[in-house]
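Student: Once you have looked at the hints, place chain C on chain G.
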Amino acid sequence: MRTQSDKKTQSIVHDQLSSCLKTNLTYIKEQLGHSTDLVVRHLHIGSKKNGMAICYLDGLVEKETIRDQFMSQVKRQAFSAKDPQKLKEEVENLITAVSAVEHVRLFNDLFKHLMAGDSILLIDQVKSGLIIDTKGGNSREIDMVTTQEVVRGPKEGFVERLESNIALVRRRLKDRNFWLKSYSIGTKTQTTVVIGYLNGIVNPDIVKEVEERLSRIKIDAILESGNIEEFIQDDMYSPFPTVYNSERPDAIAAGILEGKVAIFVDGTPFVLLVPTLFVDFLKSSEDYYQRSDISTMIRCLRVLAFFIALLTPSFYIAVTLFHQEMLPTTLLTSLAAQREGIPFPAFIEALIMEVTFELLREAGVRLPSSVGSAISIVGALVLGQAAVEAGIVSPMMVIVVSFTAISSFVFPSYNLAISIRMLRFVFMMLAASFGLYGIFTGFLLMVFHLASLRSFGIPYLFPLAPFSFSGQRDVFWRAPLAQSKERPHLLSQINTTKNQTEPSSKKEIDL
Amino acid sequence: MKSKLSPHQLSLLVFMNILGTAIVFIPTIATTYGKENGWVSVVVAVLVGLILLMLYPSLIMNGKGNFFDRIEYQIGSIGAKALIVLLVLFGFFMTIGNIWSLSQFISVQILMGTPPEVIAYTITFVSLYAIRSGLEVIARSVEVFFLFTMMSLLLLAIFVWPETSFDHLLPIMQLNQTNAFVGAIPVLAITYVEVVILIALIPHVNDETKVRKSFLIGGALAGICMIVVTVATIAVIGVEATTHYTYSIYRLGQNIQIAEFFDRIEGIVAFIWFFTIFFKISTTFYILMISTQYLFKVNHQKVFSAPLALLLIAASKSSLPNIFYDFELMRSTYLTLSYLVMIIVVLSIGLSRLKRSNY
Numbered sequence: 001m002r003t004q005s006d007k008k009t010q011s012i013v014h015d016q017l018s019s020c021l022k023t024n025l026t027y028i029k030e031q032l033g034h035s036t037d038l039v040v041r042h043l044h045i046g047s048k049k050n051g052m053a054i055c056y057l058d059g060l061v062e063k064e065t066i067r068d069q070f071m072s073q074v075k076r077q078a079f080s081a082k083d084p085q086k087l088k089e090e091v092e093n094l095i096t097a098v099s100a101v102e103h104v105r106l107f108n109d110l111f112k113h114l115m116a117g118d119s120i121l122l123i124d125q126v127k128s129g130l131i132i133d134t135k136g137g138n139s140r141e142i143d144m145v146t147t148q149e150v151v152r153g154p155k156e157g158f159v160e161r162l163e164s165n166i167a168l169v170r171r172r173l174k175d176r177n178f179w180l181k182s183y184s185i186g187t188k189t190q191t192t193v194v195i196g197y198l199n200g201i202v203n204p205d206i207v208k209e210v211e212e213r214l215s216r217i218k219i220d221a222i223l224e225s226g227n228i229e230e231f232i233q234d235d236m237y238s239p240f241p242t243v244y245n246s247e248r249p250d251a252i253a254a255g256i257l258e259g260k261v262a263i264f265v266d267g268t269p270f271v272l273l274v275p276t277l278f279v280d281f282l283k284s285s286e287d288y289y290q291r292s293d294i295s296t297m298i299r300c301l302r303v304l305a306f307f308i309a310l311l312t313p314s315f316y317i318a319v320t321l322f323h324q325e326m327l328p329t330t331l332l333t334s335l336a337a338q339r340e341g342i343p344f345p346a347f348i349e350a351l352i353m354e355v356t357f358e359l360l361r362e363a364g365v366r367l368p369s370s371v372g373s374a375i376s377i378v379g380a381l382v383l384g385q386a387a388v389e390a391g392i393v394s395p396m397m398v399i400v401v402s403f404t405a406i407s408s409f410v411f412p413s414y415n416l417a418i419s420i421r422m423l424r425f426v427f428m429m430l431a432a433s434f435g436l437y438g439i440f441t442g443f444l445l446m447v448f449h450l451a452s453l454r455s456f457g458i459p460y461l462f463p464l465a466p467f468s469f470s471g472q473r474d475v476f477w478r479a480p481l482a483q484s485k486e487r488p489h490l491l492s493q494i495n496t497t498k499n500q501t502e503p504s505s506k507k508e509i510d511l
Numbered sequence: 001m002k003s004k005l006s007p008h009q010l011s012l013l014v015f016m017n018i019l020g021t022a023i024v025f026i027p028t029i030a031t032t033y034g035k036e037n038g039w040v041s042v043v044v045a046v047l048v049g050l051i052l053l054m055l056y057p058s059l060i061m062n063g064k065g066n067f068f069d070r071i072e073y074q075i076g077s078i079g080a081k082a083l084i085v086l087l088v089l090f091g092f093f094m095t096i097g098n099i100w101s102l103s104q105f106i107s108v109q110i111l112m113g114t115p116p117e118v119i120a121y122t123i124t125f126v127s128l129y130a131i132r133s134g135l136e137v138i139a140r141s142v143e144v145f146f147l148f149t150m151m152s153l154l155l156l157a158i159f160v161w162p163e164t165s166f167d168h169l170l171p172i173m174q175l176n177q178t179n180a181f182v183g184a185i186p187v188l189a190i191t192y193v194e195v196v197i198l199i200a201l202i203p204h205v206n207d208e209t210k211v212r213k214s215f216l217i218g219g220a221l222a223g224i225c226m227i228v229v230t231v232a233t234i235a236v237i238g239v240e241a242t243t244h245y246t247y248s249i250y251r252l253g254q255n256i257q258i259a260e261f262f263d264r265i266e267g268i269v270a271f272i273w274f275f276t277i278f279f280k281i282s283t284t285f286y287i288l289m290i291s292t293q294y295l296f297k298v299n300h301q302k303v304f305s306a307p308l309a310l311l312l313i314a315a316s317k318s319s320l321p322n323i324f325y326d327f328e329l330m331r332s333t334y335l336t337l338s339y340l341v342m343i344i345v346v347l348s349i350g351l352s353r354l355k356r357s358n359y
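Chains as they are written, first to last, in UniProt numbering: chain G, 1 to 511; chain C, 1 to 359.
Isolated chain G, as found in the complex (with noise of 0.2 angstroms):
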């Protein structure tokens, strides 16, 4: 290729512009292999035809700014220098006005610049050429978010757009130390992935650690952050995330302000959050916004939720098969009663039934949202009522599936909720084999991982182990935020206070 295009133009020598217009056009379109989304315009300078050319890469462009702000005014003046190093100044001077610009003397970069979205200025008799910052083009507004979804709080959810996202947390966070980091990942996708930290707040170790992370990808497609994610985790095997992520700006904007790092990717609403802590999962950004009371019963509840999501048939299956006597009689016959007819052991039929579910989650999922229904339909009602009469499954059984389902999908976040469904089965496989037993064991092994694990050097159980006092203003206890003046304490120790409110004293006011 290279060779070829060296013998017809004869002139681009180790990547430099050249300082032959068509040359430079023809490399850039061969190096393109002519791809049809490549816009080259050739404009006039005065008298002089074809003395200046604009390429640009259709779709990532903002049209507008070309047409009205830059062709517009180039066609109408006048320009007066007959020397082309000149006449790049006078244009400069023409285009600064409206739109960045920057000088570009290698091939590389130019094409970057290309790739980005930016459009390439070339002069006739001139080495260099112009960028100009023209980045647009389609992408999707913002919109309501929709995983994380709260009755009160902000609705805006992060888009596909890097620059909109970062400014939805700049816009929360008007502080000189929001400061922000960019880096380009994925030698074919050329991903900017950037970090954002509150400075002064932030440990410095951390961010050091993020930054040397990030720079040992070497990968050739970034596309999405999950692919951050994999990259940046402590623990590749563990069934646990050690990174939060979130498409709500103003979760993001709170972890930030606790001392956390974000890390932002082009071309996905969802913005990861380090180090991250198991309570994390448990919290959603709408505790903060409801009362302290309310929001504490309700993250007593996620607790509960993630007990019985992980647990109940588990137990359902240790105390059906090996410990019966720990059901009062009467639920006990009734119990047998269901049970008499069913062929398979309570660990098959729990097992079925637990499939089942999972595949009907799965095709929900999957499905277009105006058939979802009618799944729903054949899934719950159908599948159910009829399994349970054709003596498959026990009423029972269904119910306590049931129970897990809702439970599951309590969370605010998905990525927990994907673990305690793959260790559910492992419980039932214990409960199954060693009764109650098996699941003091199982639990047991859990927490050793989960006190094992680490995100970016802070304990993955803290404030729960190591046991922080200061810390359980803000884990089942969701403290009123008059009571809450610290900042997590192990995250960050420069800068704690955050909150110097009095509380509101019980004044009367006479009327």
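Source of the hints: derived by calculation from the structure; they are not laboratory data. Each hint should be verified, as a subset may be incorrect.
Unchecked claim - To be clear about the criterion: a stretch of chain G counts as covered by chain C if any three or more of its residues have a C-beta under 8 angstroms from a C-beta of chain C, and this derived list gives those stretches: (1) 318 to 327; (2) 432 to 439; (3) 464 to 477.
Cβ coordinates follow ideal geometry from the N, Cα and C atoms, glycine included.
Tutor: For chain C alone, kept in the frame of chain G given last:
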């Protein structure tokens, strides 16, 4: 990497180590000697035990470096080796006793028909996983499970409350007074005396000035729990039954009644015992691991973990034939061994004091 414990975590480990095994056997043992004054034996044992807990840390409170350096500094290289061999033997004996008694308890009471060997295997491998993850992980998990243990104990105490009849406790200190104090001896042996092995963890604590305090807090908390459980057992099921049942506290759990619907949730008791004994096994196993590493001068800490686990399983299966032998053992061999270890440790504290005052 040196693993660190906070004083808080140390006191929880002390708590778990005292309650492990003991919580289930204490009511039976104490009542066998003291009859209706069994709880007095426990009170006496707790008071003496707290004094012992004050003494233990003295051996290695001074000095720098790890546990073994400190002991060498205090009582010389040969003395240190001898003491650690003794501690290893004691710890090994204690661990196999615990593993086997838990396995038997589960195969007799919870999973009827499951061979105890299987339970011994699972429990040892789970603690193997724990100790290979490191002391910090064990310490953090203790913090999580402490909550569960305390909750279960509280629930047990509250739920059996309606069943208590304090007539069972009468007459207080009128009959066989001597036996009430004699009963404290075996009670001490399986609780506070055993904890001597935890001095190996002291160098890991990040604030050593608080070590004695954490020992005392853990000890006192465990003492209160033991007293409450013993009183409750005697008051609910009576002296006769308490001495009769091997797992009298489990029998106590069977008396639970909530709203006349939930009864027989003795699983709660199993919870308490399971968690406490598990952490006891893990901690002693960890100390065994680092001690053997020291004795055999091996660089890598985890080298002996897996072989030790296999040894523990084999030894526990072969040394203790059945649950009746457990009581025999607790009354004779084990009692002697544990007091021997305790006396030697206390003597070496005195020795090192004497040695230093001479200089």
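Student: Now look at each hint and say whether the structure bears it out.
Tutor: Going through the hints against the structure:
1. 318 to 327: n = 4 at 8 angstroms, threshold three: holds.
2. 432 to 439: It holds, with 4 qualifying residues against the three required.
3. 464 to 477: holds (count 4)
No hint from the list above goes unmet by this structure.
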